[in-house]
Each structure stands twice: as structure tokens, then as C-alpha cells.
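Student: Here is how the chains run, residue by residue.
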Amino acid sequence: MASIDMKNIVKQYGDGFPAVNDVSIDVQDGEFMILVGPSGCGKSTLLRMIVGLEDITSGDMMIGDKRVNDLAPRDRNLAMVFQNYALYPHLTVYENIAFPLRLAKAPDAEVDEKVRAASKTLELDEHLERKPGNLSGGQRQRVAMGRAIVREADAFLFDEPLSNLDAKLRGQMRTEISRLQKRLGITTVYVTHDQTEAMTLGDRVAVLKRGVLQQLATPRELYENPGNLFVAGFIGSPPMNFLPATVEGTSVKLPFGTVELPREKAEKAAGKGLLMAGIRPEHFEDASVKTEKASGSTFTAKVEVVEWLGNETYAYIPFEAPPEVEEQLRQLERDLDGESLHTQLVVSLDGASRITEGEEAEIWVDGSKMHLFDPATGENLTVDHEHAGRIPSATEGAPA
Amino acid sequence: MATTSRATRNVVGTWVGFVIILVWCLLPVVWILSLSFKGSGETAAGSPHFLPQDWTLQNYRDILGIGSVTPGQETTNNDFLDALRNSFGIAIIATLLSVVFATLAAYAIARLEFKGKRLVLSLALAIAMFPVVALVGPLFDLWRTLHLFNTWPGLIIPYMSFTLPLAIWTLSAFFREIPWEMEQAAQVDGATSWQAFRKVIVPLAAPGVFTAAILTFFFAWNEFVLAISLTSTTDSRTVPAQLSFFVGPDPFNPPYGLLATASVVVTVPIIIIVLLFQRKIVAGLTSGAVKG
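First to last, the sequence lines map onto chains G and P.
Quick note: the first sequence uses our numbering, first residue 1189, plus one each step.
Quick note: the second sequence uses our numbering, first residue 163, plus one each step.
This is chain G alone, in the form it adopts within the complex (with noise of 0.2 Å):
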């Protein structure tokens, strides 16, 4: 067991190309943290750097007190899932699991004892002759996962490891990596680009963005209070609406109508032009169903498209964005690996309700629920920094 301590992690490569640019995370010991994001963040080659089989450009690795960018990835005592699970296929389940023990020269009574205890754990007693070519995938996922829990290691290390399963088993394997997690207690890095992932198992999640820490937060405070806009982007499903906002006062001014604001939100926001404002699609709904409006306002507009789920209903209105919103809204779907042909805001009503598609609905929003975003930097400027972990950008100067 032991934390693992990352400072200043850059990871430059042959041309100049910074993989990873000065990130800076502390896994606490015990800790489940995910790193997420979308590909080409550099969350994979974080991971590689914790176990050795990346180099590091300039920062400290620090696992436990020892700084190991030095140290090889069989001296640091971690244990690593991989994304294709990555078993020696000449050999059996259980020579797969006793292998890290082999090598550490265990007798042949230690390593029988370990091998049946994790097989136990996992439900592999069955298996543990056959060639790992003859199980399926959740059953490989299983066996990667015992060869990582023989070793007593400081840490799991896992990257990507449900990506290969279809939905159900993903869904089962999830639940099961926590409940185990949390019965070892041990320290974990876990990589995915998946939100659900991110949002369920983590203790601590951290956003990067080509190589740049976004955020670093709890999963609630990430969703309350995204530090970006691209976080707020990328942590929801559906995601966040953005739509173009000025503010006079206290009310916000939207292509749809004015939305009234809080008062201490709207002092953040105050006099700075063209903003844009993110809206969850459940922060709406259909003023018809809704029976107390006390705080939000309400506007109407054209619904084009209607999908009814049985307990919520997406309904999709389009609008117009000024060409500097635009632009930025473009840049994000970019970022965050989507490809949106239109400016359109998702709303997600109560499934009751009776809007048809073509209507003229009259739609409520809360106006409390609303961040604001600085179009040009993309940072949020109605975040409670107190409930919103680590803004690296925001808090540390931004970086260069």
C-alpha cells in the first residue's frame, strides 16, 4: 500500500510533442483515482509513466516517500491490467497468475496457496487448467485481475480495462472492480474514456486535456461544478447545453429569453460581454408537468425532435449561435472527440410529458443550476471553488 505522488509530470517526445504537460496529482493511499478524458489526452501514457514503461521528461514520480523515475517497472511494485488483458497464452490460468510469483522465486506452497485464494476470489477454481485462448472475455478480464492480485503490490494500475467487454458484462465487471477495490483497500489508477466508468468508481476523478489537467474533483463536484468548459462538456450524458448569454442585472439573456440568476452568480458575470451559458438538460423542464416554478422562468420554443425513453423524454430545439460562439462550440465538440452538425439545446423533460414534435412548448429552466463561461478562455466564472476540487488553470495561473 502506498500513495502515489505525481509533480510536475511532463512527457515530451522525439519532436517536441508534449504528450503529458505539467501535471500534478496526489493518489492518496487507498484512494481509487481515475484518470479520464477523451483519446489522445494522454491519461494512457500518465499511466505507463506510474509504472515504468514510459519515461519520464522532467517531474517527480513519488511512490510511497521513493522517487522512482529512475527505477524500472519490475523494481516499483505495481500491478498493471491492460487494455487487451495481455495473459501469456502458453500457459495455463493458473501458471498466468503464479507468474509474477515465479519470478519473485516464491516455493511452490506459497504460490499454490495465493493462486487458489485469488482464483476464489475472482470464481476462477474452474478454469485454472485451461489455456486462457479458451475463456471469454469477461473470464481473461478475471484472470488479468488475479495475476494483479497475487503480488501484494502497492498499487493497480488499470488502463482501460473493461473497454474490450460488450455493455452487460462491462456493467458487472465494474461493480466488480470496486467491491474488490474496496475489500483490498489498495491504491488504484484507473484510465478510461468512459464517464460512466469515471463517475461510478472513483474516489477522485481527474480530467485531463491534451496532456493538461483540467480539473481534479470528486465525481459530484465535477458534475456541480465543472471548472471549464470543456470538463462541463465532457462529464454528463446528455451533455451540458451551451448557448450564447449576456447579462444585465440579474437576468440572462438567451437566444430563447431572458432567465433570472442569482444574485451572486450574476455579480461574478457581470460586465463581460458575450458569455456562454451551460444548462444541464435536466435543469429544464416541461412547464406543463412542473408544478412548482419558484425559482426558474420560463420561456417557448420550437421543439423539433422528441424521444421518449418511458421514464424521460429528450426533446432537441434548435437555435442560432453568434459566429464567435460558434467557433468555440465547434472547437469543443472537437476537443471532446463528437461531431455535432448543429447548434441545438437537449432538453430533458419529465416522461409525462406531452409535447409533440413541431409544437410551440412552454419549457421552465433553473436559473440557479446555470454556470457561466469567459468564450474565450472557456473558464467557468460562476464556480464554487469551494465544492470544485482542483482547478489547476484557475488556481495555479494558467500554464504555458
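These aren't lab readings, by the way, just hints derived from the structure by calculation.
Just so you know, these numbers come straight off a predicted model, no measurement behind them.
Where a beta carbon is used, it is the ideal one built from N, C-alpha and C, also for glycine.
Chain G is faced by these chain P residues, among others (derived, beta-carbon under 10 Å):
1) P341
2) W342
3) E345
4) Q349
5) G352
6) A353
7) K361
8) V362
9) L366
Following the hints, complete the assembly by docking chain P onto the known chain G.
Tutor: This is chain P only, laid out in the frame that chain G set:
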């Protein structure tokens, strides 16, 4: 009905094809086998029969020196047994060395980025393309100077050199197929680079190693030009070269029976090796290593 008759025709056609190919390929082999069981009188006859009229093991006795040997053939059997020993020794040593060197070289080529990698590969290929005959003269002179003429190393070195390129190419293709993660996983599990190579990479590349070994062994076992040019006595002469010295007492009447028998005897080890190793040369050993 039409479909069944077409299916039958397909099956019949396939088998007819098989039989033609088998006869084409195996007829000479069967002829040699049949010759090896004929007595000397029968091979010298004007119009020979395909099958021996009078089955005899005398040729085998003569060539291997077992039991009663035909008078005048005593030296033949000694020479042949010496040549057989040379063939085995030289081919096995050349194969071992070639495979060991090729494994190490191919691993470096597949895994490391270094300057001149393409050059090494193309040079290796160029060596494989080089006609052996062109080297006989220079090698003869060189070996005489270095006192390697008519020795085992004198044949082992060129055999190894000529088979290395092919072995390197085969093995580096195999190594490239093995996912990097295998090795990285081994390193994270606590293996040194050498342990990862020995315990994970080499077992996974086993089909490639066996393929390379068999190709090398065949080359060394069958090679004739160097074997005849770089040797002078049975101290190092291999079987293919030794066969050309089977002339018998009458220059117009070569001992066909003995030649055929010798051919059969040298073919048997090859067949046994292929049968032994073909189980090892199974593709898809890596299946199940990564996602499926």
C-alpha cells in the same frame, strides 16, 4: 438432384487431382525405394521391372555394414557411415547456431529502433540471394589459408551464414506478431528484459523458431556444392558429397542399388523430423493472448 450430382463431381474431381499430384510427386520416391530392394544383378539388367523380382536387404547391409557384406563393399559402408555422422553433426550444429543467432538478431530487429535497421535487413536478404557457386573459389582459398579446409567448422560456418538471413526474416516476422503488451506485462510482473524474452517471447515464437530450424537443417543436410568443394576426405564429407563417390568397380555400371539405398537412408531422418515438428508448427498459438 442437380446440386448433389455437382457435389459428387466436385469430390471426384478433387480426388482425381490429388491422385495425379501424388503420383507425380511420389513416383520417383517409390522408384528409389524399389531400387534399394533390388539385387545388383537386377539393376544391371537391360529392361528392369518397376518392383523388385527378388526382394533383398543386401543393399542396406552393404551400406550400413550390418551382417554379411558383399565382398568389395567394405570401404563403401565405412565411408557412408562416416559421411552420415558428418552430415548429422554439421547440420545439427549449423542449425543450432543459426537459430540462436537468428532469434537474438530478429528480436532486436523487431523490437528496437536503431539506425541502419533497414540496411541490416536488406544486406541479410542480399546474402540469401547470393549464388553459392560464386563463393566456392574464394572460400576454398580462404579455408586453406585458415586451415578450415576439410573440417566441420569449414562447412558449419558457410551453412550458418547462408541460412541466417532466412531465419532472421522468418523470426522477425513472428516476433512482430507478438503484442508488445506481453513483454510489458511480464516486466510489470517483475521480469527482467531477459526473463521476459526467455519466458514469454521465445515460447510464443516457438512455431517460428521451429520453422527456422527445419529450413536451416534441410539446407545443411541437402547442400552439395560446398560439401564437395570444401572437403577432401571422409573426415568432413557429408552424405550428398559422398554419394558422388559411389562408383563401384565398373565405371559403366554405377551401383544404382547402393545409391538408391543411400538416398533412402538420408531421406528417413528428414521425414521423421518433419513429422515430429509439424505439430509444433501450428499457427494460432498466440490466440487468446489478447482480446478475442
